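Student: The lines below spell out each chain.
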Amino acid sequence: MADALAASWSRFWAGTESRANLSAARVLLALAALWVLLSRFDLPSLLNLPPEMWQGVTFARRVRFLLVLPVLVERLLYALLHVSLLVAIGGWMPRLACLASGLLLYHFAPLEALIRTPNPYLRGFTIPALGLLILSFVPSQETPRWPLRLVQVLFCQIYLFAGYSKLVTSGMAWATVDNIRNYLLILNQIFFDRPEASLGYWVAAHPALCAAMAWAGLAIEFAFPAVLFFPRSRWVLLPAAFFFHAANAVLFRIFFQSAILLLLFVDWGAISARRPR
Amino acid sequence: MTGLLQPLTWLAPVADLAKLGAFLLFLFLGWRAGRGPREASWLLGYVSCLTMLVGVLQHEAWPFTNWALVHHAAASHVVTWDLEGEDAQGVRYRVDPAVLQPLAPEEFGSWALYNLPRLPPAGRDRVGRFLLEAAEAGRKRWQEGRAPGRNGWVLGPLAAPYHFLPGHEWKSPADVPQGPFVRIRFWRFEWDAGAYFEGDHRKSRSLLLESPKLRAD
Chain A
1 MADALAASWS RFWAGTESRA NLSAARVLLA LAALWVLLSR FDLPSLLNLP PEMWQGVTFA
61 RRVRFLLVLP VLVERLLYAL LHVSLLVAIG GWMPRLACLA SGLLLYHFAP LEALIRTPNP
121 YLRGFTIPAL GLLILSFVPS QETPRWPLRL VQVLFCQIYL FAGYSKLVTS GMAWATVDNI
181 RNYLLILNQI FFDRPEASLG YWVAAHPALC AAMAWAGLAI EFAFPAVLFF PRSRWVLLPA
241 AFFFHAANAV LFRIFFQSAI LLLLFVDWGA ISARRPR
Chain B
278 MTGLLQPLTW LAPVADLAKL GAFLLFLFLG WRAGRGPREA SWLLGYVSCL TMLVGVLQHE
338 AWPFTNWALV HHAAASHVVT WDLEGEDAQG VRYRVDPAVL QPLAPEEFGS WALYNLPRLP
398 PAGRDRVGRF LLEAAEAGRK RWQEGRAPGR NGWVLGPLAA PYHFLPGHEW KSPADVPQGP
458 FVRIRFWRFE WDAGAYFEGD HRKSRSLLLE SPKLRAD
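First to last, the protein sequences are chains A and B.
So for the first sequence, this note's numbering puts the first residue at 1; every next one is plus one.
So for the second sequence, this note's numbering puts the first residue at 278; every next one is plus one.
Bound-form chain A, shown alone:
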């Protein structure tokens, strides 16, 4: 039994990956980060918020994210992060560019939420930070499978633990019509001037649709990791996940900045091999 598990473990990670897939992963991760970065004006300026807004952030927490430098230095590092991501996208000195980008993303990402929480997930930087670091761990001339596999595993955990957290926190009450209806009403009432004109409101008026959405959402979240083990399932689960995020944005006003990273599961090597030369 132990031997079988060890063999499965090795099979899952071992082997070589196409250079096209590794390059695509690097470009996708850096692009995803750069898109959010270029959409956040001067994040280091948040260090200049009134001290009352920082009073809940302990020195240990600042040390944890290495946020102990003067704002001027932070701004220079922020500029450097833009440059390192561009260099990573361009493929020049990819290992160094990925390492610098990953470390700087680890440093700056928490600023987005730190006055409230040290856990800035679902803001677009988590998977790029980890992914770029993982890609930097391997010499550029080598193409093992495990780095991309590991990034894919981390991406799948978004769905797996999103589903798990619902059930472990709320139990089956999460999947009830009332719960989905309440989320639809609350989020649309908060974020729309005229919530009655929103699609979310229309869905909230249809209990069968609310129930279907609850179960379909949980099904996608728990089924998504199958893309790791059954490549053919990607034909269904990748479009389903994209539709899931689009529906979340339209109905619940919840936006997922890392949707582009679904393309990490496309076999770019096979596509480029099929392309006529």
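Keep in mind that the hints were calculated from the coordinates and are not lab data.
Only a predicted model underlies this, so the values are computations on that prediction, with no experimental measurement involved.
There may be inaccurate statements among the hints.
Stated by the list, open to error - Below 20 angstroms or equal to it, Euclidean Cα-Cα: the simulated EDC-like pairs (lysine to aspartate or glutamate) are:
#1 B:417 with A:196
#2 B:448 with B:364
#3 B:480 with B:364
#4 B:480 with A:42
#5 B:448 with A:42
#6 B:448 with A:193
#7 B:480 with A:193
#8 B:490 with B:359
Please arrange chain B on chain A, whose structure you already have, making use of the hints.
Tutor: Same frame as chain A, now just chain B:
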């Protein structure tokens, strides 16, 4: 688990440093992983165990995180907030939360709803001044035909939104005063989502912050 540990406030800094340690160990194992399959296995085992632990316990160690999202059973009770600016004539206007960028409205709102009532007067004044300056800068941008927030500085309308997608408070020039804001208020709003849906649009509101009034000049 997290709830059990909350009374142990001294543990928070230790936990933060331990999480930094977990990240540094990830970097160390990653640095070694390029040497061969055996070293790579250590990294893969470590990341797999750590992320599973974080996910199962639902206790963050960012960048290894729990990925919880709208996981609570939602009550029908809504609590939210609004910024209100006032011009020199005493006319009041809703302020578009985008003026706070790069601070995300959802982060500011969560912070403010909990912390504003607990701040001493001097702290409230400082936060009030910050909000007033941000609102005024946003008003000027809007009057100049630009977006009230600054996040579109490079990508314009293609800029990545925040996690929650708020509507735009300011839609036309009439939504802001010609002259500067001289005072700002932070209101807490509450209502029942189900009753609101059925047509009862009553909301209760309470004032959590009112900045000192500035001279218009």
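Student: Hints broken by the structure, by number, lowest first?
Tutor: Hints 1, 3, 4, 5 contradicted; others consistent.
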